[in-house]
Amino acid sequence: MSTTATRRAATSPAGSAPPPRRRVARRRLGRRTRVALRYGLLVLIMAISIGPFLWQLSTALKGIGEDIYASPPRFLPDDPTLGNFVRVGEVLPVWGYVWNSVRVALATVVLNVVGASLAGYALARLRFRGRKAALAVFVLALLVPGEAIMVALFLMMRSVSLNDSLVAVVLPGMVGALNVLLMYNAFLAQAAQIDEAAMIDGANAWQRFTLVALPSVKGTIAVVAIFAFMGAWDDFLWPLIVLSDPANYTLTIGLNYLKGTFVGDQRLIAAGTVIAVAPLILLFLTLQRYFFRGVNEGAIKG
Amino acid sequence: MQAAPTPWLFLLPGLAACVVFSLYPFLNTVALAFTDARTISPGGFTGLDNFARMADDPRFWLALRNGTLYVIGVVPPLVLLPLLLALLVRDKGPGIGFFRTAFYTPVIASAVVVGLIWTWLLDSRGLVNGTLQALGVLSRPIPFLTDEWLLLASAMAVTIWKGLGYYMIIYLATLGRVPQELHEAAQVDGAGAVRRFLVVTLPAMRTTMTLIAALSAVSAFRVFTEIFILSGDTAGPGGRDITLVMLIREVSSGLDGHVGYGAALSLVLFGLTLGLLLSVLRLQAGRKGPR
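Chains A and B, in that order, give the protein sequences. Start counting the first sequence at 1; every next residue gets the next number (full-length UniProt numbering). Start counting the second sequence at 1; every next residue gets the next number (full-length UniProt numbering).
One chain only, chain A, in its complex shape (with noise of 0.2 Å):
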């Protein structure tokens, strides 16, 4: 309680309280109010952010027979089917479109992941001549943005005879800048007496980093993983510019050229988006309480 009146007395800036009682009155009557409004403020939002996807995956799944377009808008299907699904697959190599985007999606990830580690373990944790230097080298490829590069990438994969190859397409991400930087941040929180210890021990270099540092960033690998595997997956314009092939399609292009083929049948795009944006949601879900944990591990640092 005496530490309330010094607290007080530090922050409160002069002539700014006022009365007390009354405050305390009205916040104690508009209590249950305000938890209704937040709530309500809440849910609202909730449905302005997932309103949208409910709405698509409602058309996918109304049949052929049921009108669309109908007015006042009717939100439940009638006869909910799953035959857009199959037909979309039909009409367009939807699955061949799918196992292109995971292997190029699952390599990502592995590769942003191990190099990414390797070299935020590396930066924060061992001392070396060139440190700073490389240390520059990430934060100015962080500067460069990939649209400002695409056109000089699109060559150099030519003149390798890469273009229109699913390689072309993961190798430009395949370490993120940005991601060696979070690691970087996650391995410099750790204290330094147990990789002492460690080194005590006689651990070398890459046992301190498998069996000491790595299992404490799991939050921070989450993170960069899920970044990973949503940038590989959700891409669009690189792909775009380096596949021409429609058998390498990534499911973004695929998508893309679904819309062009047939506008006329909004079923068939909304079931396709919805194979798209569900692995990355069930992904998600799965993830997401390391994800909201390693966001916090970085950010303390940050």
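No lab work stands behind these hints, which were simulated from the structure alone. One or more of the hints may lead you astray.
To give an idea of the interface, some chain B residues facing chain A are shown, with a C-beta separation under 7 Å as derived from the structure [to be verified]:
hint, residue
1, P13
2, F21
3, T29
4, T101
5, S110
6, L116
7, W120
8, S124
9, R125
10, I169
11, R222
12, G262
13, F270
The C-beta atom is built at its ideal place from N, Cα and C for all residues, glycine as well.
Starting from the known structure of chain A, arrange chain B on it as the hints suggest.
Then chain B, alone, in the frame of chain A:
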């Protein structure tokens, strides 16, 4: 001290990736920008010709206009709204985890998917027009996707909608660091929620707000997918909603694309994003200065 090669072995994959796929292509872009290179021929040095060509290219000025409008239209909402969202979901309570995840969902979805969803919502026969017409508010549908200005505004709305959750997370991480004592002290002083927000939270958020302003401004100049999908690859009526990235892609693609000119445009894009970043950061430094 480390045995000499070990740290470099750790660094090798990451460093190689950044040098080969980021810094080297950037240097190449700079070199290309001063040539008349085509997709099929390396071209020769032409000095500043590409930049002179830009000055006479009406589409370049359109792209610049649209990018500027995008920054103006998108940055303020993306700085303020996510902060309010973060405040709403900061305190633990029943179902808050669920709301956080829900607000983050648009971030997860690809810009293509988001673009297709909104194309369907904003279509002349889509949900928005359909509902408004059924309610009798409108007699004719609003041409969200076919009018030059409405298309640009729709794309901005989509960008904002998709970005809210991302910046909310950044705010959430920072909000956790506002000393709780300051809040309590202000509360004891009788400051209401609004006043506590203005006096305690907002000043503590200043650095984060600047960071988000910088990030959202930079990405506003790089917008591509939203307009590409909403307009169906036409960049709006008469191509008037073109952006720099769309222009770069257009001039450099094809069998005989003008990659030299594309590279020069890329350099302008790089200069703009870096300039924006530095000026926003300087604004922040200046604000801090007198203290």
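When the hints from earlier in the document are held up against this structure, which numbers fail? Structure breaks hint 8 only.
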